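Enquirer: Sequence:
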Amino acid sequence: MPYENYEIDRNRCEFYALGQSGCQDYTECQEGFCYNGKCARGEAGDQCILNDNCTKDYTCGLDGKCYLPPATNQLRSNAPTVNAATQCLSGRSRFSYNVRRPIPGDGGKKHDFTDEVCTGVDVNGRCNVNADCIRSACVEGICKKLFVHSRCEYNTQCLSGNCMLYTPDRTYKTCARRSTGADCYRDDGCLSRKCRTFYLQCDCPSTYHACDGSLLGGQCREASDCKGSLNGTVTCNARICTPTDPAAPHPTSPGPPPTYTTGLGSAQMPFDYYAPGDDGVIDQILLT
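Numbering (the numbering used here), first residue to last: 6 to 293.
Among the hints, erroneous ones may be present.
[Claimed, not checked] Okay, derived cross-link-like pairs now, PhoX-like style, lysine-lysine, Cα gap no bigger than 20 Å in a straight line:
| id | residue 1 | residue 2 |
| --- | --- | --- |
| 1 | 150 | 178 |
| 2 | 114 | 70 |
| 3 | 61 | 43 |
| 4 | 149 | 178 |
| 5 | 199 | 149 |
| 6 | 43 | 70 |
Simulated from the structure, these hints should not be mistaken for lab results. A quick note: this is a predicted structure, and the numbers were derived from the prediction, not measured.
All chains should be built: construct the whole structure from the sequences, respecting the hints.
Expert: See below:
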């Protein structure tokens with residue numbers, strides 16, 4: 006890949022061509038790298054800053070050295086590659102703008118470069134460790150979405166989309182169902198077991214989905230997960246929605262999905278999370 010983004014509206018000396026002698030450093034070569042005063046492509050152990058600096062099938066490692074990766078699909082996510090089909094565990098690649106490698110003569114300090122790297126493995130692909138997987142975790146050598154109560158590191162690994170410290174005393178995170186107001190796409194991902202659809206008029210998109218509040222006897226982590234909590238008739242006790250006064254009327258089941266006409270939607274309201282308190286109208290719908 007030739008070096009780009011130089012000024013083109015003024016005369017300047019040409020770069021040295023590949024195979025030509027006379028260069029003093031890598032910035033003077035149109036292609037390849039400057040080795041002992043000659044522009045050439047690097048062999049194993051030679052300095053580089055881009056994959057293109059290295060000879061055919063060789064890759065510029067993150068240490069700034071050319072090497073030949075095995076053609077056995079062993080490279081993991083974000084590893085530089087020149088042949089994803091044979092070098093990457095996923096078999097696929099992408100261009101990354103932040104491949105960090107040292108520049109010669111800069112004391113080993115690393116800089117960002119644009120280069121081809123391996124992508125992670127999709128769900129149901131083979132893996133060795135969690136870092137191999139995209140939006141999932143490595144379970145018995147296969148990238149899988151994790152069920153509730155499974156140990157996790159990131160939200161994207163969980164079917165519920167929620168990875169958290171379930172209790173303050175825990176030292177590790179587990180997948181958990183989402184609280185009232187959180188965005189959702191399946192009922193089982195919500196504490197209430199109900200992912201509710203909201204319809205918006207005169208807006209795009211026309212719908213969004215949020216976890217409904219839990220009814221009496223339903224699961225909760227705090228009072229705001231329970232229907233009836235806004236007026237104080239229901240609280241969360243031992244992770245169960247419990248009436249504060251056993252003689253008080255029980256909250257009713259949710260009615261038909263509401264229709265907004267107030268202009269709420271994509272322009273004014275975040276779509277990734279709806280927590281109690283974000284909007285009074287939503288609280289009234291989900292918690293009463």
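Enquirer: Is the straight-line distance between the alpha-carbon of residue 199 and that of residue 149 20 Å or less?
Expert: 24 Å, violated
Enquirer: Tell me if the straight-line CA distance from residue 61 to residue 43 falls inside 20 Å.
Expert: Since the Cα atoms of residue 61 and residue 43 sit roughly 18 Å apart, the hinted pair holds (cutoff 20 Å).
Enquirer: Verify the proposed pairing of residue 43 with residue 70, using a straight-line Cα cut of 20 Å.
Expert: Judged against 20 Å, a Cα distance of about 17 Å means the pair holds.
Enquirer: Under the criterion that the straight-line Cα-Cα distance not exceed 20 Å, is the pair residue 149, residue 178 satisfied?
Expert: OK: residue 149 and residue 178 at ~17 Å, within 20 Å.
Enquirer: Check whether the Cα positions of residue 114 and residue 70 lie no farther apart than 20 Å.
Expert: The given pair, whose Cα atoms are some 14 Å apart, holds under the 20 Å limit.
Enquirer: Quick one, are residue 150 and residue 178 close enough, alpha carbons at most 20 Å?
Expert: Distance of about 15 Å is within 20 Å: holds.
Hint compliance for this structure: hint 5 is the single one not met.
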